[in-house]
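Undergrad: Given chain A, work out where chains B, C and D should sit, using these hints.
Protein chains in written order, with my numbering: chain A, 1 to 430; chain B, 431 to 860; chain C, 861 to 1290; chain D, 1291 to 1720.
Read the hints as simulated data drawn from the structure, not as lab findings.
Hints are supplied without guarantee of correctness; some may be wrong.
[Said to hold, decoys possible] From chain B, some residues computed to sit far from chain C (all C-beta separations above 10 Å):
hint	residue
1	E444
2	H453
3	F468
4	Q536
5	M537
6	M569
7	E606
8	M649
9	K673
10	A686
11	Y696
12	L706
13	W742
14	L753
15	F774
16	S777
[As the list claims (entries may be wrong)] Each computed BS3-like pair below joins lysine-lysine, with the alpha-carbon atoms no more than 25 Å apart:
hint	chain 1	residue 1	chain 2	residue 2
17	D	K1696	B	K836
18	C	K902	D	K1332
19	C	K1176	C	K960
20	B	K746	A	K406
21	B	K837	A	K406
For each residue, glycine too, the CB sits at the ideal point set by N, CA and C.
4 protein chains.
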Amino acid sequence: MDTVILNVGGTFFEISWKLLKRHPGTRLAELSEKCSEFRKEKNEYYFDRNPEIFNVILDFYRYGELHFSSNLCTRLLQKELHFWNIECSMESCCIHPYLKLENQVQMLDKIKEPRNTCHECFDTLPRGVRIRRRIWTIMEEPLSSKAAKVYMVFYFMVILISTVVILLSTHEDFREERREFNGNSTEMRIYLQAHHVNKKVITFVLNRPFQVLTILERMTDLFFIIEMTVRFSVCPCKKRFFKSFLNVLDLIINIAIIAKFVLENYYIAIYKSQILYIMFASCHAVTIFRLTRVFRFALQSSGIRILFLALWDSLKDLSVLLLMCLTLAVLFANMIFYAEFSNFTFSNMFQGIWFAIVTMTTVGYGDIYPVTTIGCIVGALCALSGIIILAVPIAIVAGNFTTYYKKYTEFQMIKGKEDDRPLNRSQISI
Amino acid sequence: MDTVILNVGGTFFEISWKLLKRHPGTRLAELSEKCSEFRKEKNEYYFDRNPEIFNVILDFYRYGELHFSSNLCTRLLQKELHFWNIECSMESCCIHPYLKLENQVQMLDKIKEPRNTCHECFDTLPRGVRIRRRIWTIMEEPLSSKAAKVYMVFYFMVILISTVVILLSTHEDFREERREFNGNSTEMRIYLQAHHVNKKVITFVLNRPFQVLTILERMTDLFFIIEMTVRFSVCPCKKRFFKSFLNVLDLIINIAIIAKFVLENYYIAIYKSQILYIMFASCHAVTIFRLTRVFRFALQSSGIRILFLALWDSLKDLSVLLLMCLTLAVLFANMIFYAEFSNFTFSNMFQGIWFAIVTMTTVGYGDIYPVTTIGCIVGALCALSGIIILAVPIAIVAGNFTTYYKKYTEFQMIKGKEDDRPLNRSQISI
Amino acid sequence: MDTVILNVGGTFFEISWKLLKRHPGTRLAELSEKCSEFRKEKNEYYFDRNPEIFNVILDFYRYGELHFSSNLCTRLLQKELHFWNIECSMESCCIHPYLKLENQVQMLDKIKEPRNTCHECFDTLPRGVRIRRRIWTIMEEPLSSKAAKVYMVFYFMVILISTVVILLSTHEDFREERREFNGNSTEMRIYLQAHHVNKKVITFVLNRPFQVLTILERMTDLFFIIEMTVRFSVCPCKKRFFKSFLNVLDLIINIAIIAKFVLENYYIAIYKSQILYIMFASCHAVTIFRLTRVFRFALQSSGIRILFLALWDSLKDLSVLLLMCLTLAVLFANMIFYAEFSNFTFSNMFQGIWFAIVTMTTVGYGDIYPVTTIGCIVGALCALSGIIILAVPIAIVAGNFTTYYKKYTEFQMIKGKEDDRPLNRSQISI
Amino acid sequence: MDTVILNVGGTFFEISWKLLKRHPGTRLAELSEKCSEFRKEKNEYYFDRNPEIFNVILDFYRYGELHFSSNLCTRLLQKELHFWNIECSMESCCIHPYLKLENQVQMLDKIKEPRNTCHECFDTLPRGVRIRRRIWTIMEEPLSSKAAKVYMVFYFMVILISTVVILLSTHEDFREERREFNGNSTEMRIYLQAHHVNKKVITFVLNRPFQVLTILERMTDLFFIIEMTVRFSVCPCKKRFFKSFLNVLDLIINIAIIAKFVLENYYIAIYKSQILYIMFASCHAVTIFRLTRVFRFALQSSGIRILFLALWDSLKDLSVLLLMCLTLAVLFANMIFYAEFSNFTFSNMFQGIWFAIVTMTTVGYGDIYPVTTIGCIVGALCALSGIIILAVPIAIVAGNFTTYYKKYTEFQMIKGKEDDRPLNRSQISI
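Bound-form chain A, shown alone:
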């Protein structure tokens, strides 16, 4: 008899021994009458397996390739392949459902996974430092305990106050004349005007924010310095501390705070010296980046995490596009510069680049615009090419976001359905 009859879950399959023997090492190639599955009376082998998927298995023997009906479950197939002892990669024409599932598992991992503290570091520490660990979890894992939540709200409030104070400090309604110039104010003003310092700088030198704002700013500054010191001192592994981008930013901000505090006493020197002014301005400009700390808490929420994941995934492509935009901007800048040679607003090519960017992003302030016919044609082309080029990053970000969002919605629905059986990796891995 050159064919063998296989009874798989009640369905009969027949295949020639020749085909089976082509793949030695697999379970079917090793079949013999001594197997426990052999039924002598019917001259057949019986297996308690899914007959539908067994057809896929037999196709492997028939054609030497692994093809796959797209309606079957890939995980079931995986199980069968393991049972029949077949090791073969799927053909490229049928691999799509596999890849999709694998991709899905990766995405779900990214969505769920909260950033963990390295518990190992704490576990290696002596048991006595439980208080240290407690402070760390309160500060770094905002949803871990009630105390942590209270601390998070407090932290939020401080950031909010500090931001509002910084904003208000620059508004003239919240500034008063410096007490130091008891009558010398006019003298100082004359001195500054004589030295060609512009009016806005003069008002900033002669005035200062209300006392209450200054005090609040000092207090919030102090809070952030203390907060970071405490966080660093309780951190289990100091090395990893400065590998986090947010922690490095914190350090820079705190150094800027101290520098600002020192520099503030030399305000007249600042407004006279270009370099000192740039340093002072940079310190101020950096300080407000503590607002990014808000994102750290925000990332605890899945909704915002998927936005960040989408942006992060798009980053590489976006940077390439940014370079392309810049290249295009330089080309347009060059063209507009020569087209508008008689136009004073395009005094150099950097103005042209600024024009090109403002036009391509369709912002169009109107501080600079073409006048000549050729200039207008270049401008129109610039606007149109901007719309078309910028359609691509929009497509990328929107596409990535939509993908994550769908997956997230699905994840929420599954979670809602079977709370007792959480979706974990081992369960849906292929």
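TA: Frame of chain A, contents of chains B, C and D only:
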């Protein structure tokens, strides 16, 4: 014999008793030779069921998990699971078609479901108040009867007239000098100019809309007050009346109308006192919100309802993004403020925030724009990040809208095909 | 025996007579031993049909509902339903593939179908008027013959020349002083200036386009009048002629051309009288709409037809959104008007509406912008709500276009594969 | 016996001889008892094939049409059709999976395929010119060897330097007074001012870039000329050299460089003669297009290639849309011109076209904007129609990009999985 032969609709299945007994309580585990389905002559059990889905059922016994061929109908599977007395949730790798159908049912419900009046409230009222109910349905259910439709059109006209009147009242071509200043006009003008009130305010104090506009405004105002009074008096449950957002808005608008009416007599005082002016302006600004009443009727049409549903579903995500935009705006405001320190238009950071928002939304009025090199770089980054960040809300709203829209189109097609068998929840629930 | 054994293409099915008899009139319910399909020796009925789809047929008897495996071909099912004499509509849970195919057929029809002339009208005419028909096809069916193509190119050229002439006529470099004012020019100028007519009007009264432009304009005008006269005279059914939107537009344009020609002789009167001027300007403004004639030819190409189909399908939704935008614009206009009460640029609410539209579309000319804090907040909200609301029409148009485009690409591929077997409706209808 | 029993892989099929004989030439029609597959004892024909797909094959005999279960693999079906000797094209209702796979193969080809040098040309050359081939590969195939990579980086640097030099040359901070005017500068200035040349031109005539910038520019110019000469001389087939768009561009740029070099010596003449100035400006404007050379290297990366492929695929549709936009712009220009007849900024229709384009692209510089009521309505319609029309190119580009991007991601995943079995055309062709 350790295996059992099952004849399901003519197809034979064979499975070992051992596997079946693993899940006690299910129909297959309880099989015995006393069952009516047992055919002694052939030593088999016969069932009048779908053989294709039965394979899924047997897989549950074979693997202990519920997997699912994606081409089968989920409702049929539901029926079979019920017949075979199996209670088990689907594996996460095959649950997708289930979730999709469930999601679909929820969406169709949202699309169809018109907002109902609480008929229960009316049903508890004494039978005599039929007229009250009739007025209520005319006013609240615009498509319920012919009278209701006529009333809706009339209501529309009144809103339209009232809006046009409000718009025209502010136009100088529709204003005349107040009669009260018989010759005193110039005197008044001098008085006002002496008190530094700006020109536009002066023209508004010295002029007033044409008599006919004023009369029309009073009439429409009166109509809205009466309309609300009637609607409140016939409302079956007064408590729920003010739970509706639109009704609360109506109340506020009507209070504003009365306040406006009272304040109008003190127009000179209004333009002198800051507080009175703010009150008066607020009353005016609020009045026009009666235009939102138009949306209530519009919601009767499915087309607009899906737009609102899409916006409503997107609201939570949009508010998160709005906050992110604001945070980014503050960061950019800070940077541009220090970068453009010598530029007068950026006089404080609030100007910077305004600049950042105008740039990120690509509106770019041009009232305020960077001049220095660093300022231009910050501005360009601001515009680009705006485009990228705003791609996300566009993706969210467009995505939600498209989903609802597709579902709605499908719903229309099904309805068109089988009017006698309307799609209702019980029919397609899983 | 209470069950019947059916051999369908070699696969055996078994079902109880009871279930079959539930649906009298169907082929299976009418089975008896006298049927030619009955095989006495095996006590079975044999059918030469697809066994996989037969399972769907049996499910109808088993569950009383028509369900459908999504991998099967709907047209094959249709054939089987017809063979088995079953009339039943698909359950709503499985109807999706049906609807999809039907929808597809409708779309393909829309894409292919070129607008036909009513050949019936010609067929009813006496045979002698063959020349009339020939002229008609040359003028109306640009791709029908070589002569028609030549005529189309000529028509294109005339439109192009006429458009360029109209554009150039307004440019000062292509205008000269009117010969009629032999020295009186200055006198006329003084007269006009004395009557407060603005400078631009004066230049238009005192100058006129170059002689060559005027002649070209007259010639093209004449061509269009003749073209329409001829087309109307050869038209087989005069009634339908004016049912076409483009033909009505042609008529209006031609009337405008004649009116313009008459009015041109009274140019001084025109610039003095407001009404005459508006008439004259309207005539000019209308004339250029002959450019829309270009679209008629463009529609012969499938690529552009799908764009128009997409826009046409979106029209209803877009108009609803336009109204919503307008409503929002009025609300924002009202708010900004009171917020910016001290700002002269917002002199009335119509200015506010203009501001709201310019902001919502993110155009932002900068002719009008808020200055106060509340005004800026209203402006920012306006810009953001504009972006969100305008995401919807973009989604609608882009969605519709993408759908048609995909279908079109598919259609092209099918056509390329089997030119001998064109895809026609009867073939793929369900 | 009028039916035949076929045992395909253990599953039995029965079909009447009559149906089989309808399609002579196919393997099943040629079956006879003499075939090796015939088993006399069981009166059946045995085949070692997939039973599931065999059903599709039998359907061809049953219905005379080729239908297809969408879950099956198209390549397996292909194999079966070949085995059973059936030549028939798929029905249009089931052809979709086929087209999809074919389309996929085409796309993958486009994504992978790097632009090859014609190796044939080199192979026909005498063996001695190995050095020539080496230079060619270094210059044209940047990723082929280490030397090629070093050369690419060097080339990049030169382009970067040349671009920066061009940009800086126009900035006044990097310009100095020409040495040639030893004291005559003022004289020259007066001469120029007397001849109505504008200020910006004057500064460009009187100043010149720093010596160091001029030297760098000369050096980079020289490099590009030499580079092209070398590349042309080693090019194996001179004919194909100028068929490449980038090479033609290089030639033009190099001619422009030489022309620029010659013209620079007559700078005063240039700024006096309009024609010479245009030539000089064109030379300068063309030079910077060497920046496009960057794209050539960029195309080596798959990421950017898909962007270019997407843009290239969209090009035809985009050009049609551009024409439609232009047509719309002319229509709006005409309307706004007559609506704003009293507004000086709309001095001619070309201004109107510029306004329409700036509005439709939502750039809105604000250099020109409507003032009258009708003008504002036209402007608003223009902005809205712009948003709607421009939604289409965004949809096209974004759609094409997304398609390529998905395919590319998939391709990356497959490559990652089975490096030993690269996906090649022959493998997945249908």
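Undergrad: Are the hints correct? Go through all of them and say.
TA: Structure-based check of each hint:
1. At the 10 Å boundary, the C-beta of E444 (chain B) stays outside the reach of chain C, the nearest C-beta of that chain being 15 Å off.
2. Against chain C, the non-interface label of H453 (chain B) holds: every CB pair exceeds 10 Å, the least being about 24 Å.
3. Remark: the non-interface label on F468 (chain B) is consistent with the geometry, its nearest Cβ contact in chain C lying 14 Å away (cut-off 10 Å).
4. Against chain C, the non-interface label of Q536 (chain B) holds: every CB pair exceeds 10 Å, the least being about 15 Å.
5. Chain C leaves M537 (chain B) outside its interface by the beta-carbon criterion, the shortest separation being 14 Å against a cut-off of 10 Å.
6. At the 10 Å boundary, the C-beta of M569 (chain B) stays outside the reach of chain C, the nearest C-beta of that chain being 21 Å off.
7. Interface exclusion of E606 (chain B) from chain C stands, the closest Cβ pair being 15 Å apart, more than 10 Å.
8. Once the 10 Å rule is applied to beta carbons, M649 (chain B) is consistent with being away from chain C; the minimum gap is 20 Å.
9. Once the 10 Å rule is applied to beta carbons, K673 (chain B) is consistent with being away from chain C; the minimum gap is 24 Å.
10. Once the 10 Å rule is applied to beta carbons, A686 (chain B) is consistent with being away from chain C; the minimum gap is 12 Å.
11. With a minimum CB-CB distance of about 17 Å to chain C, Y696 (chain B) clears the 10 Å threshold, and the non-interface call stands.
12. Every CB of chain C is more than 10 Å from the CB of L706 (chain B) (nearest about 13 Å), matching its label as outside the interface.
13. Every CB of chain C is more than 10 Å from the CB of W742 (chain B) (nearest about 12 Å), matching its label as outside the interface.
14. The beta carbon of L753 (chain B) is kept farther than 10 Å from every beta carbon of chain C, the shortest such distance being approximately 12 Å.
15. A cut-off of 10 Å between C-beta atoms confirms that F774 (chain B) is not in contact with chain C; the least separation is 15 Å.
16. Listed as outside the interface, S777 (chain B) is consistent with that label: its C-beta sits roughly 12 Å from the nearest C-beta of chain C, beyond the 10 Å cut-off.
17. For the suggested pair K1696 (chain D) and K836 (chain B), the alpha carbons sit about 23 Å apart, so the restraint of at most 25 Å is met.
18. Restraint check for K902 (chain C) and K1332 (chain D): satisfied, since their Cα atoms lie roughly 16 Å apart, inside the 25 Å limit.
19. Distance hint between K1176 (chain C) and K960 (chain C) is fulfilled; the C-alpha atoms sit about 22 Å from each other, no more than 25 Å.
20. For a cut-off of 25 Å, the pair hint linking K746 (chain B) to K406 (chain A) stands: about 16 Å separates their Cα positions.
21. As the CA atoms of K837 (chain B) and K406 (chain A) are separated by approximately 16 Å, the hinted pair is consistent with the 25 Å bound.
In this structure, none of the earlier numbered hints is contradicted; all agree with it.
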